[in-house]
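Enquirer: Each chain, letter by letter, is given below.
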Amino acid sequence: MTAYDIIFFWVARMIMAGLEFTGKSPFHDIYIHGLVRDKQGRKMSKSLGNGIDPLEIIDMYGSDAFKFTLGFMCAQGQDVLVDKESFKLGSRFANKVWNASRYILGNLDGRTLVPVKDSDLTELDRWIYTELDKCVRTVRDALEGYRYNDAASALYEYFWNEFCDWYVEATKLSFRNGDDAEKDRAVSVLLNVLEENIRLLHPFLPFVTEEIYGKLPLKEITANRRSCGANKICPVSLYEGMLIAAPFPEPAGARADETVSRRFSVLQELIRNVRGLRTECGIDPAAKIHLALVIEKGSAAEVCHEKEDIIELLAGISKTDFTDKKPANSIGTVGTGHEAFLMIDESVNKEQLLARFEKELAETKGYAQKVEAKLSGKFAEHAPADLVAEERAKLEEHRRRIEKLEQYIKSL
Amino acid sequence: MKAIELEKAYDPKEFEDRIYTEWESKGWFKPASDPSSPVHAEYEKRTAGISADELRKSTYTVVIPPPNVTGVLHVGHGLNNTLQDIVVRYHRMKGDNTLWVTGTDHAGIATQNVVERALKKEGLTRGDLGREKFLERTWAVKDDHHATIVRQQRKLGNSTDWNRERFTMDEGLSKSVRDVFVTLYERGLIYRGHYLVNWCPRCGTALADDEVDHTDTAGAMYHIWYEYADGPAPDGSTKIELATTRPETLLGDTAVAVNPTDERYKAVVGKKLRLPLTGRTIPLIADAYVDKTFGTGMVKITPAHDPNDWQVGKRNNLEIINILNPDGTLNENCPEKYRGMTCAAAREVILKDLTDLGLFKGEEKITHSVGHCYRCNTVVEPYLSDQWFVKMQPLAEKGLKAWQDGDIVFYPRKWENTYKSWMENIRDWCISRQLWWGHRIPVWYCQKCGETIVSREDPCACPKCGAGKACCSRTPTCSTRGFRRGSGRSARWAGLNRRRIWSCSIRQARS
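One line per chain: the protein sequences are P and D, in this order. The first sequence begins at 195 in our numbering and counts up one residue at a time. The second sequence begins at 71 in our numbering and counts up one residue at a time.
Rather than coming from a laboratory, the hints here were simulated on the basis of the structure. All C-beta atoms in this analysis are idealised placements derived from N, C-alpha and C, irrespective of residue type, glycine included. It is possible that some hints are incorrect.
As the list claims (entries may be wrong) - Using 25 Å as the maximum straight-line C-alpha spacing, the simulated SDA-like pairs for lysine to any residue come out as follows:
| no. | chain 1 | residue 1 | chain 2 | residue 2 |
| --- | --- | --- | --- | --- |
| 1 | P | Lys413 | D | Asp477 |
| 2 | P | Lys218 | D | Tyr444 |
| 3 | P | Lys501 | P | Glu554 |
| 4 | D | Lys534 | D | Asp477 |
| 5 | P | Lys377 | P | Cys422 |
| 6 | P | Lys491 | P | Thr473 |
| 7 | P | Lys218 | D | Asp477 |
| 8 | D | Lys490 | P | Asp273 |
Claimed, not checked - Here are a few chain P residues that sit away from chain D, every Cβ distance over 10 Å (derived from the structure):
| no. | residue |
| --- | --- |
| 9 | Ala211 |
| 10 | Leu367 |
| 11 | Ile505 |
Stated by the list, open to error - The following residues of chain D were derived to be distant from chain P, with all beta-carbon distances above 10 Å:
| no. | residue |
| --- | --- |
| 12 | Ala73 |
| 13 | Glu75 |
| 14 | Glu86 |
| 15 | His144 |
| 16 | Asp155 |
| 17 | Asp213 |
| 18 | Asn233 |
| 19 | Ile391 |
| 20 | Asn392 |
| 21 | Tyr444 |
| 22 | Ile478 |
Isolated chain D, as found in the complex (with noise of 0.2 Å):
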């Protein structure tokens, strides 16, 4: 015979893609299983009379974690998508009956960000835009970014089969998280809750705790007074003494708390204190929190906006008092003068307030750590709001068993401790964000009698007072805690599978 010439330099360039085309317009990336697999005649010979277990066992499939469209990928995702290549070609040569299935995440904040960000440069916001045109746009970017994401995968080689390729919020899988979500609340699984999250009030939605930047920033200390407002203490004196970060947050105190073990202020603790400029009284109450060793060892308590405070507040049944809107500017739980100031705004008056009623001692500059929005850079507000939770035990009890049984194996096997611990630690997952680009929550709230709807359909009528179609809307009424009247935002959820999610379940993730 003649030789076979191959050309005498290796130039990938002269076949790589010529060699995909055909892989992926011939079939080659289908499962054997698919009967329009090259491969599929001699794997239904190769499997006849074979036994369901035994199919299963010969069975190799893989999801891809689908990259997020806020962006293109990068060698990160590179090195990702090789190892899966590699063990899903392996597996296809084996025999095995293979399938990588590709798709892509639509990342709801992340990618909201991304398209806010690029408004901004316009100098436009997303409520200049309005709600269909900045979804048209959001879009747009994600048609952008698809295309040169799915390009790349091709690029690398991806032996996934395009047929059976997904886009998060493609209208099957939004079918998917109503059932989803509808079933989990039959089940009892999801409620609505009333929590401390935190609140980027630029965005106007919670964000998770890695998504709060926490970044040192010059600050002060502020020393402040509170009269007592039953009378002189026994030693005497008439006010105490106190420091905080947060002079504005004293309009939401409830209470003023030492450490129960501090003699210096057993014999004050059940009296009370005049709270300057909202002419409120608040009780000095003792709880072990405390650091006695913290500046008078004396501290305000504000349980609707600090997580710490809402806990002290929990456990001494303390009043919650909200003191802002959801953008961030005081509400009409404050007084009168204050209302619709921002915090920073606010601060100044109120501490000229403070000086002028002689409550104000002085102040001392100081560096501390504030978290920050990661992706416009305002400063985040512990903030209280309604949200959807779902109770995670039930469902980790499962997971566990199943590690547990051998069901589920982790390369490298380290990771099963980590699995193991969060699994056993696990605390409600707060779902739902207030966000325009996500699945909606299938949920409605009659305007007429209140009831919420929880429903696979769109609803008709409120089932409870027969209200119509017209009166069930997926913004919560008024009256709901949280929400500024009119402010038009109903909850997006995260997802069952989302990779953003908030505050709550994060900090088990980092316990």
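Only chain P is shown next, with the shape it has when bound in the complex (with noise of 0.2 Å):
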């Protein structure tokens, strides 16, 4: 693994000398990285003043943010183009990890860890199981590969999204709601998926990894695993030592389930969606509105009709209602089988809603009259065609702007 100027130098005489002197190739895979420049793409130098020291960057984040950062930012076949504050996007990951492990464990307070079966996990713990399964196969393909930006990134995705935000939130339904049993059952499951994480993390954050892991109470969690016996979509792993040499998650088939897969994304989509829909509103996203839904029959979204209150605690709803037909004084958003309508009552407030939307739509028919007068002029006719196919673009997204901010303001 060496950058491409040390090809000839090193490594091809290495070869060369290894062949004659043990009829083998030192190296069966040869990893060629780029250089690291600045933001600019120039080389770092004293001149320049753009020079990074390593030690100073570790002072500042710590040695995993700079280990993340630059996986993260390790496209093959291209050079690194970083500078100073490009590290914070690795320290606010480890936080992340630090933080969500922080919560979980804090969670544990007065709560017994219970073995778990794969028939004791619910929708939400397969559909968690089927993410890292998605995760654990596209971190080692990419391993494998020497694709270090693809690995690093299926991992901020999944444990900060799908994991973070979607799962250990959706869990606090089980704290807020369940019975004893419940919550011991449901913490039990919280950690074997954060002891798993934590395993499949470490490459690329080996510090603050091997610190939360010697935090586990990995006696109890192995104990557990070894009384269910043969599960196939929990954890089985029965390692009790320093997290460096513990076995690193393995893709597992059982764990791949379609069709919660199908369900969830699209309870994703709608709670994306009424989550958009507020922040256009500019609705505190502490308030708590109405909303209302209408499913359509026999489609994927009816699965929403059993998810009530996974949408209202992730979406922050505090009533919903099944209808057939758009509701008066509401404004609504449309996906897949599904229309989801904010109703404007006394959390909003519809006058300056109105002015603002009106505001916005007078802005866009400018743009969009701009547009089209340089697309009717002589610019359509001697431009690139690249660049007028992204004006034409540009005309597209303004036109449907209007139509939708004419339908809000139509609807209030």
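Assembling the complex is the task here: the two chains are given apart, and the hints tell you how they should meet.
Expert: So this is what it looks like as structure tokens:
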């Protein structure tokens, strides 16, 4: 593993010497990485003052932040462009891993860890194991092929989005509403998943994961795993040493549940749409609002009927009505098999919202006119095709936005 | 149970050093096959009865590109080490018998120059110190940088097995270097040859092409006349005009060349010219290398001091006259008047002498690219010397076959084309250099009979004439071309895996 300027100086000569003296090549895999350059693609040098001292970064953000950032930014065959700020990415991620673990371990208070069999898992649990399995496959595949950025971004997406933002959030239902047995079960599953996540993250974040791993109640976890016997979805590792040599998570056919995956992707889409709508309307994230749902019969979105609680929890909804048409005084969004409507009631300032939409509508119409004028002039005839296409795409986007805003205003 | 408390804020300083020390001190960086690895027993159990082939497949070993002890690690090393650590940790967890070998590189010329620069600040040269003191100082620099490098690598979290750490001048490695050299020599793959190299007169050693900085420098094109020695040309002219940026090198000219298709000069090819200031007579030859449109279309040929002229000289079987000492002053092959002068000083005197003879037409100011030593900024001379070379083609064929057989895979694959074309166009590799810091080439020269002794062990006597140990010197005898009498400089080996190599091999790398 080396930079390309070393291929001949070292690599080729070591191959030749190895073959001549041992009859074997000293290397099978030869990974060639790029150079580290600044954000403008310039070489780092003393005279430019754009150099980065690794120890300074480690001192500021920690070794894991340094490692994760470089791994995340290292695309095969390309140079790595960074400045000191770039390392905040790794720092934020290491922080996220720390904080999520801290939250989960804090939840153990007053609980008893129990053995969890595959048959004890909820659909939510099966969903996170499906996602975990996808991530494990991606990471293994990427690392076998030395595609660092693919592995790092898969880890980042899975851990931050799927695990923290969806799974950990959704398990709050169990801790809020469940009985003691449910709470024990939920926290035991959570800890199982966390333990496996930590193993998965180790190569990119060796220190923080080892520190967290050292705090896990491994004896209880493995004792419970031992007592459940042959699980195919729940992890079976009985390892209790330091994390550095713990077994790396393996793909498990039984984990990949396509049905669960499909059902949850509809829920995720719906919740994302509702969150987006809230942001557009400038509704305080903490404010609880009413939601009305129109679900197409026989569609994948029928899952919403069963998952009202998750939708309400994750989208900040105080009440959900299932109806068959758009209610009055509401503005809506459309997704796979569903339409979701935010009820414009006391929690929303209708006048303010109307003024906001009208202002944006006027602005957008202005942009659209400018682009139309440009496209009807000489530009369309003489400019390069890709630039013209870019302008047309802009116009399309403005038109869609206008249509949507007009719809909102009409609704109000 | 009770809640498990993690500190409220993520603070890597609180645990990174502690964890690293624990990994290292408890042997977690050792391969599982090592009896002192904490997972050795489990590994033994798991691999009992597994075939050697299977074992090999589940082995993952990486060798670090050893950083030079010329300095400390920069962010590029940080990236390189990070990428290795990630996959090494992955394979270790996957259950492969995993080892990451670490070490540092003595980096011959680069380190020697770092020390020389430090000496210069104290107003000293390496000669002032003498070999022993100089090496002592270099070892101190090495120790200093090494200490910083390994501290940095521990901070980076490198999961390397420190018990297997190496320095490229360790005793064991020196032994291998000798063995490899002698073996290649015995197999006829190493030979000694006399070629043009980039020579830094100040450092007193050859330089690789990438160790030469080409910078635009103010200079002049000097127009000079050479007279015919064998009567006027058919058109009645008695002299020819040519242009050069380095008039002092005319002392080493052995021909003047024109392009064979140049109609203007067809009638004069084969005539003789009187080389000014030397009393020598040189031929007027035709060679396709000459650019008809440059100047008068006539070019002086100095095979010992210009790479293109060297080729012309070889093609036309011209005499090769080296006019320089290793320190860049003019040598005994020049008229007595000029001996000992630097090129710059000699240029002034020669121009004056040519003017007095009525053979200097004039000069025009120009800016041209001149090679300078990347370490000390001295103008680099193309210089003839005796060096050791490796015959590369037989080695490259094996390297190419290994790739064709799929034993070597590049990630990304595009580098395989680069590898292939380099291997296919390989030329012999110059591996010797004249340095104090580095592996010494295991060659001795009998001071009595001139025998060259290539040996794994220090010779006790000359195998040819039986002269004793005292007669076996590592410095070539005074008859050797390219070395001034008593220069006391012996050859260092660039090493089969060394990055700083000579022009001959660098040139291929760029083709």
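Enquirer: Could you tell me which of the numbered hints above are not met by this structure, giving the numbers in increasing order?
Expert: 1, 2, 3, 4, 6, 9, 12, 13, 14, 15, 16, 22
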